[in-house]
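Novice: Now for the letters of each chain:
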Amino acid sequence: MDRQLHNFLDWLGHHLFACPFKTHFGFDCPGCGFQRSVLSLLKGDLLESFKLYPATIPLLFIFIYTIVHLRMDLKIGAQVIKIAFAGVAVIILINYIYKIYNHQLIS
Amino acid sequence: MSEEQENPQENRPIDLNKNETPPFGPLNSGPSVPPPFQQPPPFGQFPGGMGMGQQNLPNATAALVLGIIAIPACCFYGVFGLIFGVIAWILGAGDVKKYNLNPSLYTESSYKNAKAGKICGMIATILSVLFIVFVVLIIAGAITNPEAYDKFFKGFN
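Here the protein sequences come in this chain order: U and L.
Per our numbering, residue 1 is the first one in the first sequence, and the count goes up by one each step.
Per our numbering, residue 1 is the first one in the second sequence, and the count goes up by one each step.
Hints were generated in silico from the structure; no laboratory data involved.
Glycine residues also receive a C-beta, built at the ideal position from the N, C-alpha and C atoms.
Hints may be right or wrong, so weigh each one.
Among the chain U residues that face chain L by a calculated CB cut under 7 Å, a handful are [what the hints assert, rightly or not]: (1) Phe21; (2) Pro30; (3) Thr66; (4) Asp73; (5) Ile81; (6) Phe85; (7) Ala89.
The task is simple: from the sequences and hints, build the whole structure.
Specialist: Spelled out as structure tokens, the structure:
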């Protein structure tokens, strides 16, 4: 079972969507790394996931939280989503600027 | 708003007419829609978010979902993020305005959703615009000054 899962994840790793932006323009977009990051998250490697794309975990949290909120109509749901969303935007921005400064856009 | 004409509930003998008119079909046909700009019925407003006779704002959920999708969509050329963000912004703003016109008509939770959708749309729009401006600058730089472009991206080694 465990090996099967690992094989599946390996297979998935070779069949990620290529970023259309990167194939056309040759450098990363602000979302590049997200799929690899999710993959390493599925493998259980939190640190690697964070290194590849820091916004993954909050982003997934927002998705799940929104679904729960729309189903169950939580009291502070909208407020939490707003704050988390702003946080994610800031993280993405900082990550991208960091990449530019360290010449990691072309890899 | 067509509902403003039919104010007093008691004076109307014929109830049929009223039941047909509301433009947004209410899910729960409790005590019919409270007249706008009047004291809300004593039981309705606050105790339960799902107040009786109140309905959800029509676009609140759509605005919220679109606003959240806009951030991942921002990575496809930034254009999709811009589109989703602007749509979420407009839908959310429209609903907020609608709620402010007569707050007693709609549920408060959907108002909060609409507001969150509006803000998420705004953030996504700003992010997409920043990205698009960045790309345009890069392309312009690459065309006019290729060496600086190489240095900028590949470092000085």
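Novice: Using the nearest Cβ pair, does Thr66 (chain U) come within less than 7 Å of chain L?
Specialist: For Thr66 (chain U), the interface hint holds, since the closest Cβ of chain L sits about 6 Å away, which is under 7 Å.
Novice: Given Ala89 (chain U) was flagged as interface, is its beta-carbon under 7 Å from a beta-carbon of chain L?
Specialist: 5 Å, holds
Novice: Does Phe85 (chain U) pass the interface check with chain L, least Cβ-Cβ distance below 7 Å?
Specialist: 5 Å, holds
Novice: Can you verify the interface hint for Ile81 (chain U): is its Cβ closer than 7 Å to any Cβ in chain L?
Specialist: 5 Å, holds
Novice: Quick check on the hint: Asp73 (chain U) CB to chain L CB, less than 7 Å?
Specialist: With Cβ-Cβ at 6 Å, under 7 Å, it holds.
Novice: Quick check on Pro30 (chain U) please, does its C-beta sit within 7 Å of some C-beta on chain L?
Specialist: 6 Å, holds
Novice: Go through the hint on Phe21 (chain U) and say holds or violated, using the shortest Cβ distance to chain L against 7 Å.
Specialist: For Phe21 (chain U), the interface hint holds, since the closest Cβ of chain L sits about 6 Å away, which is under 7 Å.
Going through the hint list in order, the structure satisfies each hint without exception.
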